[in-house]
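Peer 1: In case you want the letters, here they are:
Protein chains: 2
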Amino acid sequence: MIYRIGLAGCGTVGRGLVALLGEKREYLEKKYGFSFSLNLVTDFIKGTVASADGLNPREIIENLDRSGGLRSMKEALEDTRLADLLRRTPVDILCDATPTNYETGQPSLGILQTAIASGASAVTCSKGGVGLDLAGLKKLAADKGVKVRYESSVLSGTPLLNLAQGPLAGCLIEKALGIVNGTTNYILTMMEGGADYADSLREAQRLGYAETDPTGDVEGFDAAVKVCIMAQEFFGCKLSLSEIDREGITRVSPSDIKKAREEGKRVKLIAGVERHKDTARGYVKPTAIDLTHPLASVSGPTNAVCLTTDNLGDVTVIGPGAGARETAQGLLSDILDIAARNA
Amino acid sequence: MIYRIGLAGCGTVGRGLVALLGEKREYLEKKYGFSFSLNLVTDFIKGTVASADGLNPREIIENLDRSGGLRSMKEALEDTRLADLLRRTPVDILCDATPTNYETGQPSLGILQTAIASGASAVTCSKGGVGLDLAGLKKLAADKGVKVRYESSVLSGTPLLNLAQGPLAGCLIEKALGIVNGTTNYILTMMEGGADYADSLREAQRLGYAETDPTGDVEGFDAAVKVCIMAQEFFGCKLSLSEIDREGITRVSPSDIKKAREEGKRVKLIAGVERHKDTARGYVKPTAIDLTHPLASVSGPTNAVCLTTDNLGDVTVIGPGAGARETAQGLLSDILDIAARNA
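Chains as they are written, first to last, in the working numbering: chain A, 1 to 343; chain B, 1 to 343.
No lab work stands behind these hints: they were computed from the structure. Each statement offered as a hint is correct.
You can't tell identical chains apart in this list, so a pair holds if it fits in one copy or across any two.
Straight-line Cα separation of at most 30 angstroms, DSSO-like style, residue types lysine-lysine; simulated pairs:
1. Lys175 with Lys277
2. Lys147 with Lys24
3. Lys138 with Lys238
4. Lys30 with Lys277
5. Lys24 with Lys277
6. Lys175 with Lys31
7. Lys139 with Lys175
8. Lys147 with Lys31
9. Lys285 with Lys238
10. Lys139 with Lys277
11. Lys30 with Lys175
12. Lys147 with Lys30
13. Lys258 with Lys175
14. Lys238 with Lys30
Model the full assembly from the supplied sequences, consistent with the hints where possible.
Peer 2: Below, the structure is given as structure tokens:
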């Protein structure tokens, strides 16, 4: 089978996926028996290209790099609604790489729903839609006999959700503790080295880790959405953003960090979720953790999650938490998993 | 489909698997749609029981705990060859939990070959067979249209091999560096605390981490076999045990550890394998690693592997490296994966 792939959202991550697919075509065929054609790329700003015969990933990259958009390509279409695009150019797997609005989950939620309604499996790296209503999306997908996957929505492509679903199958997860936001971990690592909060934030902004308005990261919203995803994924519990006990890093002072060090500890912004009676309890909180804990040595923009399980005790995974290629890798892993389970 | 499961080797890990299957039956049905009957358990010392209608896991555990064996059960059979047992009581998945001989790979290699020849998928936690000839076993399995899986042969049930095969699909692995032997890591952690080698070894023996003859662990043979498995799994390269550049921990002195500490490092027995031209280079070697490296804080009997990949950079997984339930979990993960890909 040749999988017809579509992509909604062609910013840095979408571009990363197109590049990865182009670069790895032969490897994917040889190693995984996975063949694909990229039939649709649509981006609100950059335009839309579609071809039932398959687009050339290299040409897409060249156009993006040259003109910043897709409108000069011969396969360019007038902008139109995704549902219409998918009717004209159906795909088997639609990848969503649009930016996230935490509150509404849009445009991700609508894109995933539209893709599934068209009969496609849906893969996303956006936190918004799955954070808001993973159960609803899963039900829609089950009704249509397709899949929805979202590895990159937490820890980018570092395996966590697919790890729990696949290689940890049979384990009951009791608790997850993580460093799931690279920006705040970078700032705390700088502060550990002696810098104050304002300077550390400025340096993170200079390096592109933090946005001009850093609220989403430093107030813990980004981490809290990831807690919602983990709560749904690990415990089947739907928590809303307002139910997460959330505290960011803006009030962490050099003296907190010094005090922790004197106690053999290190301050980390911990995103936690655990079973609590019939539901789950989630929080985001600066926490002084013991230096012997595997999360303590996770520094800079690196992310990590420690899962406490019944069969294995603690299992920790450490890896990148952001990046175009890293996030695209998570989308690719989801695509390959859908294909493998379909074979 | 109801999967018919067989088990060869009913020591602590085999017993752990029987217990886990008994305990988790409803959970596995509900969460994974996985139904099974345990039809065959055979152990060279403890005897053989078989039933096409399914054995009761709880009764097996009771008999093992009461009499140390299976011969008093009503389903007990005279000892006979595995091939004959599988002809009389065919299974869909045979689990091998026998102890390993590194040199010959037996009895594991023969058990896996016999199981596959009978038309069963084969799952093992023994290093011997897969360390010696993974490619041969995979070819046999492919010819028969069945699977061979071996997650627990490295890091017990902590996901590594299934992690690379599943959630990391699409990544090229360039290098693996690991702490893959709990006994030596426990000893080095004790020495880090000030004890000398002889005392640390005695304490490891007292706690059951080290065997009376500790050669296999402390001279690095156990780790070297795991390097052979990783070389085959990650790079498709067959390395023999003698091709691994191997040095154990018997010559590590308190002054080596002190010197490392003064340099901001920690001595670990590192098992490494990396691409080298068209083949792979493997080694086991006490190495002073920087305290900022994720492997540096892995202490006691805990294991870890850091994979360097093209798409994600470094991804590290940390978890238990031994234990009955932990190893049985790896077998269970393999069983569930075979079933999921078969669905």
